[in-house]
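Trainee: Please construct the entire structure, taking both the sequences and the accompanying hints into account.
The listed protein sequences correspond, in order, to chains A and B.
Using the numbering used here, the first residue of the first sequence is number 1, and each one after it goes up by one.
Using the numbering used here, the first residue of the second sequence is number 1001, and each one after it goes up by one.
Some hints could be false.
No farther apart than 20 Å at their CA atoms in a straight line, the calculated lysine to aspartate or glutamate pairs in the EDC-like style are these [claimed, not checked]:
#	chain 1	residue 1	chain 2	residue 2
1	A	K140	A	E93
2	B	K1104	A	E93
3	B	K1104	A	E171
4	B	K1104	A	D168
5	A	K68	B	D1108
In short, the hints are calculated from the structure, not lab data.
So you can see what is in the structure, the chains are spelled out below.
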Amino acid sequence: MSTDLGRASDAAIPLDRDLFMRTLIRELAGTLENVVGIEDAAGFISVVGTTIGESIDQSYRKALKLEKLSRAQVADVLVDLKRRINGKFYIIEENDERIVLGNDACPFGEKVIGRPSMCMMTSNVFGNITAENLGYAKVKLEKTIAAGHGECRVVIYLQPMGEAVETDGREYYSSP
Amino acid sequence: MDANITLHHNNVALDFESFAASDTRICMLLNADGTVIAVNPASKRAMPEIIPGSDLNNYITDPADFRRYLHQCAKTRGPLPGALSLRDSNQGARSWICEGGLAKRTPDGHAALVLRLQGAELGKSAFATLNAKIV
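Mentor: Printed below as a string of structure tokens:
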């Protein structure tokens, strides 16, 4: 064996578990979007997002020893859960009518660009946590990094009335 | 859920009958626990044994999974994809892919869900090109 040959472990390539997993999800989402279309792909990702949203909601409520979260606590949880997975969400507005969140960094990083179906993960996680605690949520993804906006703006309507009725978005309800 | 659930859903049942009548897919309006509220003509033709008042759980080969799926569907108006297997009158079973979502939530918490079914073999056709590439 020649000593001139480099070792694979010394190769300067950007590969680790996080990048591998994000790339895997990007390619899976892309394949789904191409094969069944963006709407159906979003539906499949919604199923996963619903389950993850329920799990995260229960984790926070158990850890905080609360039966239900208040509106302020819901907003706090939404920002915190994204922080824990490397998102940079922040509260723009929070009142009886709606919670508005901004975001400068997607947890999927650049792997989300051009994959709008992946945003259904955020819609479902935010929608399920909000609805389970406050009874109702309508989530509108006004701007998304996935669509090339450079930032996200997510509006969560808290009551099915007024502006919420006229706005396009996905509706969520608490468990029956 | 109480026995008068259909009273809560009278209006939504009428709406369902008007928009699902011409749908060639099997469409059902369900209570969140799986009780059938209404079915469309395609459903009546394919599964005449399933009528309003039937408990769909009695026809499902995996009721626990189905209940979990209905629970998720009851929480969003967006259609959620799923799969189920239904026993027929000859005790055979057929696989279906489905979409379910909330049609109406009453103030007292009752939920009416729309479930649309199509044969699993039809659903798989969307992946035929992909399968061909892989093979």
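Trainee: Would the pair K1104 (chain B) and E171 (chain A) pass a check requiring their Cα atoms to be no farther apart than 20 Å?
Mentor: At roughly 11 Å apart (the allowed maximum being 20 Å), E171 (chain A) and K1104 (chain B) satisfy the hint.
Trainee: When you check the alpha-carbon spacing of K68 (chain A) and D1108 (chain B), does it fall within 20 Å?
Mentor: 19 Å, holds
Trainee: Can you confirm whether the C-alpha distance between K1104 (chain B) and D168 (chain A) stays at or below 20 Å?
Mentor: 17 Å, holds
Trainee: K1104 (chain B) and E93 (chain A) were given as a pair; does the straight-line alpha-carbon distance stay at or below 20 Å?
Mentor: 29 Å, violated
Trainee: Within a Cα-Cα threshold of 20 Å, do K140 (chain A) and E93 (chain A) meet the stated pairing?
Mentor: 14 Å, holds
Going down the numbered hints, you'll see the structure goes against just number 2.
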